Amino acid sequence: EPEVTQTPSHQVTQMGQEVILRCVPISNHLYFYWYRQILGQKVEFLVSFYNNEISEKSEIFDDQFSVERPDGSNFTLKIRSTKLEDSAMYFCASSRDLAGSTDTQYFGPGTRLTVL
Amino acid sequence: GQQLNQNPQSMFIQEGEDVSMNCTSSSIFNTWLWYKQDPGEGPVLLIALYKAGELTSNGRLTAQFGITRKDSFLNISASIPSDVGIYFCAGSNTGNQFYFGTGTSLTVIP
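Taken in sequence, the protein lines are chains A and B. If you read the first sequence in the numbering used here, its first letter stands for residue 1, the second for the next number, and so on. If you read the second sequence in the numbering used here, its first letter stands for residue 1, the second for the next number, and so on.
Read the hints as simulated data drawn from the structure, not as lab findings. None of these values were measured; they are calculated from a predicted model. From the three backbone atoms N, C-alpha and C, an ideal C-beta is built for every residue, glycine too. A hint or two may mislead.
[To be verified] The calculated lysine-lysine pairs, modelled on DSSO-like cross-linking and capped at a C-alpha distance of 30 Å, are:
(1) A:K42 <-> A:K57
(2) A:K83 <-> A:K57
(3) B:K51 <-> A:K78
(4) B:K70 <-> A:K83
(5) B:K70 <-> B:K51
(6) A:K42 <-> B:K70
(7) B:K51 <-> A:K83
(8) A:K42 <-> A:K83
(9) A:K57 <-> A:K78
(10) A:K42 <-> A:K78
[Said to hold, decoys possible] The calculated label-pair distances, taken between Cβ atoms and stated as ranges, are:
(11) B:E15 <-> A:T13: 40 to 50 Å
(12) B:R60 <-> A:L39: 36 to 46 Å
(13) B:E15 <-> A:P70: 41 to 51 Å
(14) B:D18 <-> A:I38: 40 to 50 Å
(15) B:T94 <-> A:G16: 16 to 26 Å
(16) A:G40 <-> B:A78: 21 to 31 Å
(17) B:T107 <-> A:H10: 24 to 34 Å
(18) B:N75 <-> A:D97: 19 to 29 Å
(19) B:N7 <-> A:I60: 45 to 55 Å
(20) A:V24 <-> B:T94: 39 to 49 Å
(21) B:L55 <-> A:D97: 34 to 44 Å
(22) A:Q14 <-> B:I80: 12 to 22 Å
(23) A:L39 <-> B:I109: 24 to 34 Å
(24) A:P2 <-> B:S82: 30 to 40 Å
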């Protein structure tokens, strides 16, 4: 069964450094999403992406964050100048159609980001 | 942002018992989803609800889309040890942005 994959599984970085989290969505999916989950807390929406542009973003997704689909298979989340509070699990998700209408999102296994 | 509250926050039950949990929001949603998350993994979709009043089953799981569109319920019948995990509700109006609940942690005692 097709699945969303994410790399790396764990990323450790120094505060102030830039990180890029990578995701390979399910191949025939058109809508892509990033979420984060701080340890022990709920999943929080960051951004949705369709047709090579951001569809929606939350208040968390400020200028420190950016997303890109550099080729036909990868979907990346870049975090510039990381802060301690960026430490969290970051989940990528994808859906074939607009999730919530006739389809829904499938989540990847996550990347655990630790900022020291 | 939207606040979705789940109750109870945690549950400890005996294997074989039924489980009920709910999710309430101050805002209405057009779509409700229920996910299960195992430790160290991403959420896995259990049930999706698209219509107010809808009652949908998936095996031992049954979920309902509240008639007010501000709440949803998940029931698990005859619980088994592998039901252990955190259950999240999520709501959406656009299909692009989903708001997740605070989670219900389920522990099943064999």
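*For this structure, which hints from the list above don't hold up?*
3, 4, 7, 12, 14, 15, 19, 20, 21, 22, 24
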